[in-house]
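**Student:** The chain contents come next:
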Amino acid sequence: MSYTTETADQVSSIAGEKYKYGFVTDIEMDLAPMGLNEDIVRFISAKKDEPEWLLQWRLRAYERWLTMEEPKWAKVQYPEIDFQDAYYYAAPKSKEDGPKSLDEVDPELLRTYEKLGIPLLEQQMLAGVAVDAVFDSVSVATTFRKELAKVGVIFCPISEAVKDYPELVQKYLGSVVPYSDNFYATLNSAVFTDGSFCYIPKGVRCPMELSTYFRINQANSGQFERTLIIADEGSYVSYLEGCTAPQRDENQLHAAVVELILLDDAEIKYSTVQNWYPGDADGKGGIYNFVTKRAACRGRNSKVSWTQVETGSAVTWKYPSCILQGDNSVGEFYSVAITNNLQQADTGTKMIHIGENTSSTIIAKGISAGRSQSTYRGLVRMQPGAKGARNYTQCDSLLIGDKCGAHTVPYIENRNRTAQIEHEATTAKISEDQLFYCRQRGLTDEEALSMIVNGFCKQVLQELPMEFAVEAQKLVGISLEGSVG
Amino acid sequence: MTNMLEIKDLHAEVGGTEILKGLNLTIGEGEVHAIMGPNGAGKSTLSYVLSGRDGYEVTSGSISYRGQDLFELAIEERAAAGIFLGFQYPVELPGVSSTTFLKTALNAILRQRGEDELDAMQFMKRLRTHTKALNISDDMLRRGVNVGFSGGEKKRNEILQMALLEPSFAVLDETDSGLDIDALKVVAEGVNALRAPDRSILVITHYQRLLDYIVPDFVHVLANGKIARSGGKELALELEENGYGEYASGTSGIEAA
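These protein sequences, in sequence, are chains A and B.
Mapping of the first sequence onto this note's numbering: position 271 corresponds to residue 271, and the numbering continues sequentially without gaps.
Mapping of the second sequence onto this note's numbering: position 21 corresponds to residue 506, and the numbering continues sequentially without gaps.
By construction, these hints were calculated from the structure, which means they are not laboratory data.
Since the structure is predicted, the reported quantities are computational estimates derived from the model, not experimental observations.
Be aware that a few hints might be false.
Computed footprint of chain B on chain A, listed as stretches where at least three residues anywhere in the stretch have a Cβ under 8 Å from a Cβ of chain B [to be verified]:
1) 427-440
2) 448-458
EDC-like cross-link-like pairs, simulated, lysine to aspartate or glutamate; straight-line CA separation at most 20 Å [unchecked claim]:
3) K429/A <-> D539/B
4) K474/A <-> E651/B
5) K610/B <-> E651/B
6) K639/B <-> D433/A
7) K115/A <-> E80/A
8) K458/A <-> E577/B
Note that beta-carbon positions come from the ideal geometry of N, C-alpha and C, so glycine has one too.
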């Protein structure tokens, strides 16, 4: 019927215009020479004025990376990446002289973040949210640091933490995701440039939301940030990251590593709203988002909760995981992955149960529209010592139109008789009946779609911090604009 | 005075098969009309043509709604202009609570009309004025729209939507199907409460039973894509007695639902 042709027409007319973060900031940049070799690794380390141990760590990673091959097991397709055809370091020139307070930040950068809806001047900011703003390879500003310092919370760019808190960084960096972990994590270990560092001391409940806002601006550059969060005994923190990039015809690589460490009774709530440029309707351009995120629940009764809303990127390859080592520790993974046009997402989680009575919950919602492909891939592993461990997994897929695909690939490994594992999966399609019913009640196609999809994702969206839940709901609607005719 | 609805020589087809074959019907303001007819006569097709559903193609004829050419309006614009369709088979919307759905719908219509949208408080207040009479529980409002609703709950939910959206012209398509007598009474009372001098209602039904409770001003027999006969409410009783035998068409069409 005409339904599908109209869909295609609308998608082509609307897609590309709706990504409102696609602008480029015109600012003088300091770049490393193009390409990747040992000298570039040394260049980055020298730019950051790093201690010898870190340079050696990077070089070991680089050596290792040269021997590794790109993983090909994910259900995604993209042309060969030429790792020599990119800049591995790009920083605004103004940063060279090192502005130390917000008043000294280049106004052009402040305007950029304002345009993105992230004002960095504290008086304009969302009360109760501290922001670290990472622009290409460097952190340009971190807000509310003094407030946080009063309760002992450290929140700063990781490049500064290396200098100011070397013992913490050396102890934990690479302890959850070793430099040899996988192709992209190893690459990241060699060339990571900046990212956020956060330490919550014993017994402290972090008084505000912490967030990092990642922005890729420079053309032909990759972003390799590294985030390290340590929640000491009995502490709590809620952390949110957001990401956007300009609209460009070339693909750009984003290969991040996030490590979370939780000691006894600690809790981390980690939320992501990923809105990298997804490419245009024909699949031209967009970010390759190849990310390694892992949490180690080392302490008893610790709890980590990953919530992700993945709407952007041309290709996503991402499995935020939980190593449940401490007895009674809890891992949660709540995910919404939306793909439209020619986007591809292969995402899920790994729950590794080691300790006794550990429990995990996985709620994954995949929405595919256009000609996109969305895959849930997840591992639940019960180690021999995981006495009484439990897992509950629910994977739901929603299809819009008839040219997209949804796939569910659960891996379950149980080596303990007392462990319980439950897995449920459903696939549904938005029907013409549903859209007609809503339109007869006065909603436009897109309002109807947004409402139905938000209903489908509700279980996950309600896990987001309040301040961001509304934003995320709107984003869900915007990501699907043009996917019905 | 302009009529609420004037249908002239309406021809419509579904998937290349002509279902409506020259239908004429005029409905005045405040009137309640009933359309009865055998299966396959084109009753549901008429309701979908009125609401503008894709796939129901009008090949000739006209429909004027309050003096305006109905075919110029998209589905949601017709809704905003006051046309409401009570569905024979209300559709499930998993995860979308009835409250959210009703509020989104009401505000979408208010917005299209250029009126102020209601905030959560104002909306709940208005909603409460309707839920009691229709015996709609809070639990029903919290659940996904029509998900796990009984037949009676679904139809009461349709009438709740009608009450809230305050249409000028409501088409109730086989609202009685799947209802026991108690549920039928509740639904009929809900509809009767909405009868008003500036609101017209078209009741589509196969059985006379519903018309004992929603008493129409006019009854029409739809057969073979045309109005075969029109009369007062007594026509319904006559049909009940004699059946649709005399209207059976040799080329029994397809009831495209």
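**Student:** All hints, please: hold or fail.
**Tutor:** Hint by hint, here is what the structure shows:
| no. | hint | result |
| --- | --- | --- |
| 1 | 427-440 | holds (count 10) |
| 2 | 448-458 | holds (count 7) |
| 3 | K429/A <-> D539/B | 18 Å, holds |
| 4 | K474/A <-> E651/B | 28 Å, violated |
| 5 | K610/B <-> E651/B | 15 Å, holds |
| 6 | K639/B <-> D433/A | 15 Å, holds |
| 7 | K115/A <-> E80/A | 34 Å, violated |
| 8 | K458/A <-> E577/B | 16 Å, holds |
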